[in-house]
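Trainee: Residues per chain, in single letters:
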Amino acid sequence: MRQRAHLLNCHLDPLRSLRLLAARGYHGLLENAEREERMSIIVRGKVWKLGDHIYSDYMAPGFARKLPWEEGKKHILHIHPAFAKGCQPGDVIVAGRNFGCGPSREEAAGNLKKLGIGCVVAESFARIFFRNAIAFALPVMECKGVSGFFEEEDQLELDFENALAKNLTRGREIRGPLLSPEVINIVRAGGIIEFLKQEDQQTI
Amino acid sequence: MAEKVLARASGKNSVNPGQYMTARIDLLMINDRGFLDTYEAMLRSGLTKVWDPDKIVVVIDHSVPAAGVKDAEDHQKIRNYVRSLKIKNFYDVGEGIEHQLLMDKGHVLPGRLIVGGDSHTTTYGALGTASSGIGATEVAYAMVKGSLWFRVPPTIKFILSGTLPKGVSAKDIVLRIAGQYSIEIGQYKSLEFAGPAAEALSLEERINISNMGVEIGTKFAFFQADGKTLVYLKERTDQSLEPFGPDSDARYEAVYEMDVSSLEPQVACPHSVGNVKPISEIGDVPVQQAFIGSCTNAQAEDLERAAAILKGRSVHPKTRMLVIPASREIYLRLVKSGAIQTLLEAGAMLGTPGCGPCCGQNPGVLAPGETVISGANRNFEGRMGSPKSFIYLASPETVAASAIEGKIADPRKYVSR
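Residue numbers (my numbering), protein chains in the order written: chain D, 1 to 204; chain C, 1 to 417.
In isolation and in its complexed conformation, chain D is listed as follows:
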């Protein structure tokens, strides 16, 4: 299973080589690969745009830490008041450089997930936020040039595993670097704890 996922994600057009194999009689691999491709994580949603250097503090403000969730969630990304007020489950974020810089507090990624944010596509990420997002199964994609590629309220479609972001409103697409199969599998499993449980069961 993992080997096939590896095949799928390590090549730019993995299906092509498998189709060649299928033409020579090896059908199983292609069928499985096509099924897996259909399972690729696709996220669609309305874009909220954020700037550069969005601190993890802003996504999990210390002053809102002790508030009940229904109250505290209104302060998430308080630096973008319209977002804090109007964000809906399923919306997505397009951001600038160094998204999630600052403390290692994982509530930053956790809170976005809890709000129902579908994905974050940014020019670049601070590394701890990026790791935490993967650990919480929040699809993230690094993509140079993306902040000029979307306007607020555009419809975005992210094909997470193929690192492809489409602007459905303006009919264009942009690619980022592919992630490793293991990282994708963590998101696919539903986060690193679920991934760990699956691995644990496999070893038993």
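To be clear, the hints were calculated from the coordinates, so they are not data collected in a lab. Every residue gets a Cβ at the ideal spot worked out from N, C-alpha and C, and that includes glycine. Please note that a few of the clues may not be correct.
Coverage of chain C stretches by chain D, computed from C-beta distances (three or more under 8 Å per stretch; other residues unrestricted) [stated by the list, open to error]:
1) 91-104
2) 129-135
3) 141-147
4) 183-196
5) 314-326
6) 381-387
Given chain D, put chain C in place with the hints provided.
Mentor: Here is chain C on its own, set in the frame of chain D:
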């Protein structure tokens, strides 16, 4: 250096920047802020076994001493879990700050791969160690598996030359880098400090710089493990020690040069570590509090230098000064040297070794409208108390001079050497 460590830890001959891999970690550090949530989440998921209790270090340092019954109960639970997991490397309330303890107690060795549930885990780069922070949930994974996924970072190098002028120290170098090159200069990169001025820095000064590595985005913030490093470690471990540095043909994505000879004291203004000005351009900024503490600039040399400035002088009547040594061991050394007496005589108050108000949850936080000059490492809005307060970051020398004058002040006039 990053590539060498990650190749070794993943059992490969070599690795390349951008490559993803799974690496065995040599040590895992976790503090009271993350331990309880992490371990209880593991228990709920039926994960009760840890990979190797001897390779896990637990420190209670973020909420110390217990400020309320909730903290006290949390500490009690941590002690019980640590006992049941047979974790020997446990440092309880009052021993000091996690990073200081890990290095001073000999847990950190050059060339090793260490992860910790705290962003300032980059600190151990000062000893030639590949170390970086992770979130609490990933700590759970590392606790169970002893391994973690990594992306091999590209490496950049800072060559430091010249001699630091009097009254100017390591903090000024790293603030200058953040100001001049931005807080993302090291983003997702491994940073190496080299050159004659880097070699001339004491271990403590290197520690202060590597600690701030995360503030400029780095994954690792290395100094070479040289003779000084080995002298420091020899007293702390009986493991065999070897120098560790880059290969002579190491590849760098970028190389920057910096002459520290003409550096003046630097100050990071609210609300970003990158909002840096030289002291001569700061103007008139009254401070209600002066703070030296946290995992940056609260070591013995830092406090000795601050005490030398405050000797025979007094903290300004409109300013309060709070000093928190990074560990009990450092505190004791300073008691013996007389530095603590000097600080108390000048009017400073002393706190229990730990993170102090730097993380906004211990005594010493700020009221709305107040300003602090701080030797710590972060100045985001609301970091040290009220979201309406202002944090200026500087060297311990600048903090001491500012405490005397009641406003941000140039320490050079108080320094004779």
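Trainee: For each hint, tell me whether it holds in the structure or not.
Mentor: Verification of the hints:
1. 91-104: violated (count 0)
2. 129-135: holds (count 4)
3. 141-147: Coverage by chain D holds for the stretch 141-147 of chain C (3 residues, Cβ < 8 Å).
4. 183-196: With 4 residues closer than 8 Å to chain D, the stretch 183-196 of chain C meets the three-residue bar; holds.
5. 314-326: Contact hint for the stretch 314-326 of chain C vs chain D: violated, 0 residues under 8 Å.
6. 381-387: With 4 residues close enough to chain D, the hint holds.
Checked against the numbered hints given earlier, the structure breaks hints 1, 5 and satisfies all the rest.
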